[in-house]
Structure formats: C-alpha cells, structure tokens
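**Q** Sequence:
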Amino acid sequence: MSRIGKKPISITSGVKVTLEGQNITVEGPKGRLERTINDQVEVKMEADQLLVTPCSDKSGTALQGLTRSLIANMVDGVTNGFSKVLEINGVGYRAELKGSTLNLSLGYSHPVVYPLPKGITAEVDTKANRITVSGIDKELVGVVAAKIRSFREPEPYKGKGIKYADERIMRKAGKTGAK
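Be aware that the sequence shown starts at 12, since it is given in the working numbering, and climbs by one per residue.
To be clear, the hints were calculated from the coordinates, so they are not data collected in a lab. Note that the structure is a prediction, hence the values are computed from the model and not measured. For glycine and all other residues, C-beta sits at the position ideal for the given N, C-alpha and C. Hints are supplied without guarantee of correctness; some may be wrong.
[Stated by the list, open to error] Simulated restraints, written as ranges between beta carbons of each label pair: (1) Gly-170 x Ile-15: 31 to 39 Å; (2) Asn-100 x His-121: 16 to 24 Å; (3) His-121 x Val-154: 38 to 46 Å; (4) Asp-136 x Asn-34: 19 to 27 Å; (5) Asp-50 x Ser-94: 45 to 53 Å; (6) Gly-153 x Arg-43: 16 to 24 Å; (7) Val-124 x Pro-167: 24 to 32 Å; (8) Lys-169 x Ser-111: 39 to 47 Å; (9) Glu-164 x Ala-58: 46 to 54 Å; (10) Glu-164 x Thr-47: 30 to 38 Å.
Using the sequences provided together with the hints, build the complete structure.
**A** Given below as structure tokens:
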C-alpha cells in the first residue's frame, strides 16, 4: 500500500468538491479545476475529507498515491495557487510581456514569442530579469515554466540562459590555452 495514498485529503473551508463517477471537480476562491480519475482507483468523500482507495490489487495500488497527490494539488491550487520563478542570465537577454504574450530576446537572430495558455499568468521583473509564472494548475505551471526554460537552457561555461531561481548550474572550466 502507498503511504502517501493512505493519507486523507483535508478540504479547507471555501473549497467545494464534486464527485460524479470518475470525474472530480474542485472549486475554490482562485478558480475551478476538473480531472478524470482512473477507474482502478475509487475516491470517497467523508465529512470534510477525501479518501482514495484502490479497486484492484496491483495497478490500483500503483495509482493510489498518484491520484491522492493530484487531488491534493487541485485543492491546494484553488486555495493558494502555484508559481515558478525563472531567471534570465546573459548580455542582451531580456523578457517583455505584451498582454498574454511573452516576448523573449535570447541572443537569436529573431525574438522568441510565446503565447501563454489559458489559466496561466506571468509577471516580468525587468530590473532583476525574472519571470514569475503562476496559476492554479500545478502541472500546467510546471509545463509552461519548462517550455520557457527550453528556449535557451543555461550553458555550463558562462551560465547564460534561462534557469529556475532555485536551480544551481554546474560550471565547467574552459579550455586552457597552449603555452
């Protein structure tokens, strides 16, 4: 049995959870999220808690912890939201937000234009060269942050590129000149 899957999910005040067959809907002060649960797992509502139990032996047990974490992230997202901070390092590298489109100058011959998906907001701090990606869906916030990072991943010699704020780049020594 999964240790994470056994823990009940507590529903905070202001959050409404609706179960309809294999569909779960979570509504809160920040918004609404929907997800379809795998049929190998059963979700039960008891008082102000949700319990996730496996229906079958092997595959249900494997999905129990995953399902519990996904639902807990939905509840946390509609109450608090999620955010990821990206830092831009490099001479002439900058970001600019126009409406719901992120324009990036990353040393290419052309600007990189990235339209933000629905449900995601971004803030650009031009002084510190930081981009803050935020939203209520943890998975979507992570995917968008990874996509922005992939436009110019940090390189190990000078550290130029886009990196997560808490990421540490392992630096390499350059070539030593011939004497």
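**Q** Now tell me if each hint is right for this structure.
**A** Each hint tested on the structure:
1. At about 36 Å, the beta-carbon gap between Gly-170 and Ile-15 stays in the expected band of 31 to 39 Å.
2. Restraint check, Asn-100 to His-121: a C-beta distance of roughly 20 Å satisfies the suggested window 16 to 24 Å.
3. Judged by the Cβ atoms, the range 38 to 46 Å given for His-121 and Val-154 is violated: they are separated by roughly 23 Å.
4. As the Cβ distance of Asp-136 to Asn-34 is approximately 39 Å, the hint placing it in 19 to 27 Å is violated.
5. Taken as a hint, the range 45 to 53 Å is violated for the pair Asp-50 and Ser-94, whose Cβ atoms sit roughly 33 Å apart.
6. The given range of 16 to 24 Å is respected by Gly-153 and Arg-43, whose C-beta atoms sit roughly 20 Å from each other.
7. Separated by about 27 Å at the C-beta atoms, Val-124 and Pro-167 satisfy the suggested range of 24 to 32 Å.
8. Lys-169 and Ser-111 have their C-beta atoms about 32 Å apart, which leaves the hinted 39 to 47 Å range violated.
9. Checked against the given bound of 46 to 54 Å, the beta carbons of Glu-164 and Ala-58, roughly 47 Å apart, stay inside it.
10. Under the hint 30 to 38 Å, the C-beta atoms of Glu-164 and Thr-47, about 33 Å apart, fit the expected range.
The structure does not agree with the numbered hints 3, 4, 5, 8 stated previously, though it agrees with the rest.
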